[in-house]
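Sequence lines, in order, name chains A and B.
Each number in this note's numbering comes from the position in the first sequence (counting from 1) with 7 added on.
Each number in this note's numbering comes from the position in the second sequence (counting from 1) with 29 added on.
Keep in mind the hints are simulated off the structure, nothing from the lab.
Do not take every clue at face value.
[As the list claims (entries may be wrong)] If you only want the chain A side, here are some residues facing chain B, beta carbon under 8 Å, derived:
#1 Y82
#2 I85
#3 P86
#4 S87
#5 E156
#6 L159
#7 L160
#8 I168
#9 G171
#10 E175
#11 L186
#12 I190
#13 L193
#14 L197
#15 F201
#16 Y466
All figures in this text were calculated on a predicted structure; none of them were measured in a lab.
Don't be surprised by glycine CBs; every beta carbon is placed ideally from N, CA and C.
Each chain is listed here by its residues.
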Amino acid sequence: MDFINSHILSLMTFLPLAGAAVILTVPGGRDNLVKTIAAVAAFLPIPLAVQLWFTYDRTVAGVNVASQFQFVEHYSWIPSINVEYFLGADGISMPMIMLTTIISFLAVIGSWNIDKQIKGYMALLLLLETGMMGVFCALDFFLFYVFWEVMLLPMYFLIGIWGGPRREYAAIKFFLYTLLGSILMLIVMLALYFNTTDPETGGHTFNMLHYMQQSTHNGWLQGFDVRILLFLGLFIGFAIKVPLFPFHTWLPDAHVEAPTAISVILAGILLKMGTYGLMRISFPMFPDVTKWFVIPMAILGAINIVYGALCAMAQSDLKKMVAYSSVSHMGFCLLGMAALTPAGMVGAAFQMFSHGMITAMLFFLVGVVYDRAHHRDIDGFGGLAAVVPVYTFFITVAFFASLGLPGFSGFIAEAMIFIGSFGVFRTIVMISASGIIIVAAFHLWALQRVFLGPLNPKYAQLEEINAREIFCLAPLAVMTLILGVYPMPVLNLMNASLIRLVDVVKMVI
Amino acid sequence: MPLGNLESLRYFLPELAITTTILLLIVVHVVGKNRRSPAAALLALVGTGTALLFAWMTPAGEGMGLFEGMVVLDGFAVFFKVLTALATAIVIFMSIDCLELADRTQAEYYVFLLSVLLGMFLLSSATDIVMVYLALELVSIPSYLLAGYLKGKASSTEASMKYVVYGATASGVMIYGFSLLYGMTGSTQISEIGRVLTMGTVPLPALLAAVMVTVGFGYKIAAVPFHMWSPDVYEGAPTPVTAFLSVGPKAAGFAILVRFFYTVFASPGDADGMWKLSSSVDWPFLFAVMSAVTMTVGNLIAINQRNVKRLLAYSSIAHAGYMLMGFVMLSTAGLKAILFYLVVYLFMNLGAFYVVVLVENGSRSEDISHFSGLGRRAPLAAVSMAVFLFALTGIPPFSGFIGKVYLFAEVIHQGVYWLVLVAGINSVISLYYYARILKVMFLEDPTHTGELSVAFVPKVMLAILVVPTLLLGIYWEPVIRIAESSVRILTN
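The following block holds chain A by itself, in its conformation from the complex:
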């Protein structure tokens, strides 16, 4: 038990990888065994996450104070350049860690019907989970970067091998875009490394928490021009991941071509890494530049909200519509963060969590209908509600959650974001609010075209959603509802840290 408690984050990160290694040793042809091992490996982090949930002390903030991080594991890795194996959790990472365990496990279950090269698929999926967990736990920039990049490899293959007709194009586009952002991040990371000193050892350091103390910066790094450039380098890296306009063009391609479960992970977790990076790294390391940059960030957020929603409205492909709706919803996160108010920041973090669940549901649901009808053309259906009532129920729940209906978690998040940001930049928020109407419009319009109206006779025999698919959807739907009525469990988890984050950014000058 002691070992588990003292290495809980490592275990959560590397158990899936161990599962992947086991899968590779399974002889060919034993597909069910492979799936079972994958499910077990993806499930094991969940009890650990429950353990985290109950032992996490919600009163301490973390963010930039090393001693306030919990479940810390801190070892020297490469002493000659002070790279450390440094994991820890605080209120910014806790919700993301929870989300990752749930979504990854559901993604494995959701992939049960994959039959092409299942061994490779499951091994890559588990490797992906390791990368994601690592990103959310790492507190050493070098380690963070390694995990960040490790995710690219499985993602490339998962889209490229198991994806749709234009999968090759989508896979390489995703890879190139993200690598471009990563290289910028690498350059910034190395520039930070050489211009900061570890207060304890006097050497250079990759420790993120040290970067957040201005006293560790040398003269060069205190120059505002330099800081702007470094901030922008990081910002572009994260913006590509979010994705922010104009770096979003990889997203519709990747989403449309990726297999269902991978779209779920992509939208549910990967996109959040961009905003997580801003919260974890950009904001506390460059508070002065952040304040200087809030208006552009808010404008970018507003563009994302409105432009993403308009794009979604114009789509005839159901999956592409959902993909663009993610662009819109991630814009809310940015808007809330840019406000630099406690309500805005908490709203943004809650939106990350809530959108992770809602969008995962949406992509699962799109996958369900695609598996049966083999197309996703919104105008190609009609009146499905009469044939598949249960499926219609779930998609209605998901759509209403996604468009921000009160009673669902998305509403709480968006309301908090608007409350938090309205006082700071009124015009931008008012423009953004129009996005809500467009979001509602395209969801309802799609709902009407697909499920209402006269039944398209082609789909009179459409098969109803099965138990496994309900198993993937039900937990998410229930959580969205509960958190929509009573969001405190998640809000309590992150409040202290996010309020500290706002203070950290605001305190400077």
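Starting from the structure of chain A, add chain B where the hints point.
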């Protein structure tokens, strides 16, 4: 005080081992009845292994001049000896597995291979311009023969011919540069030349000499604009030879480039671990531009290649460009980064070529289309190839990433941001063409059906190359320490 000829022999065991092996191989060639017997390969392997072992164990405390100052025995030389011997040993394994070479005379081939190795040993330890020239030619001339070893194949003959013409021109220009240096300083010892140049000379001849010497060395490391020979030679030569040329002589070229320029045109500076220019020739800037151009040209041209060998040829040009970044920083850390990069480059590049050999054995072609569906036809080879290609791109957790981190880090440390931006963008470009091979291997269905069987020995060899490529991406402390200590000795 350098040792005399006889006393030096004690410290010359690695080279003696190679020489002995070469002589034995010639005997085997003359006496042996079966010219295709694997005995020659085994003998060559034993010889290389012995040389490697001797080189590893030589006491290289501080620089010790041998043969009246012709060569020096220091950590820097030992590092390159071990590196090139290791490359040669792997290439010998590769040659055994290569069907292209199977019906050729064996012993001769290994004689040439080991002659190049001997040349590389000498080149990495040469401290006298006469010795530099001789060693460079000892590397070059057997290389010409190796490139043209497939006598019946037109492209192989063309490769050899091109190689000779370019090589002769480059070394001609280089020796002209040497003569200028000798004229200015009156010595053939590079340390003495450096000392005299520090006292102040006419800048123009020094600059001219530097440029001319650069032609010779630039040709060896295949840096733009002296790279023209390499795509044709790499494409035409037997694949193991291509692999060898892209790693061994390139490493030796870097060894002499560093030793020469850091002795003749630079001297240890006041700050710890830094160097300063000893004459008014601003060669670092020249090489910085060369580095940027080399990586950009290599990567851009590689995008359009359909022949995998040619693609890897251009990629190895680009990698020379990356390594040159460490060369221009005038710092110990920059040199350390080169040395480390050479180690990881050895494994990942030889590994990539090894897979090419295996595919070529099955299809007799290096066209990229023959890699289609390799992920299903030969999973082990395909996955290994993926590891090597990701490492070459510089993606963690593979060793190539760490190599790039050290190079990038030093460039950033010295504040040359334009160069690191160029290198960063180049890394992204390189992903595009490496990923083309990945795409063909994993994303496309096989156009050539049938399993590609990989025998036991190649499997083991692949594992031997994959493991360091992975391991050095996760834990590289010991290797970076070796690189560091090897460079420190050069400073003294």
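In rising order, the numbers of the hints this structure does not comply with = As far as the earlier hints go, 1, 9 and 16 are violated by this structure, in ascending order.
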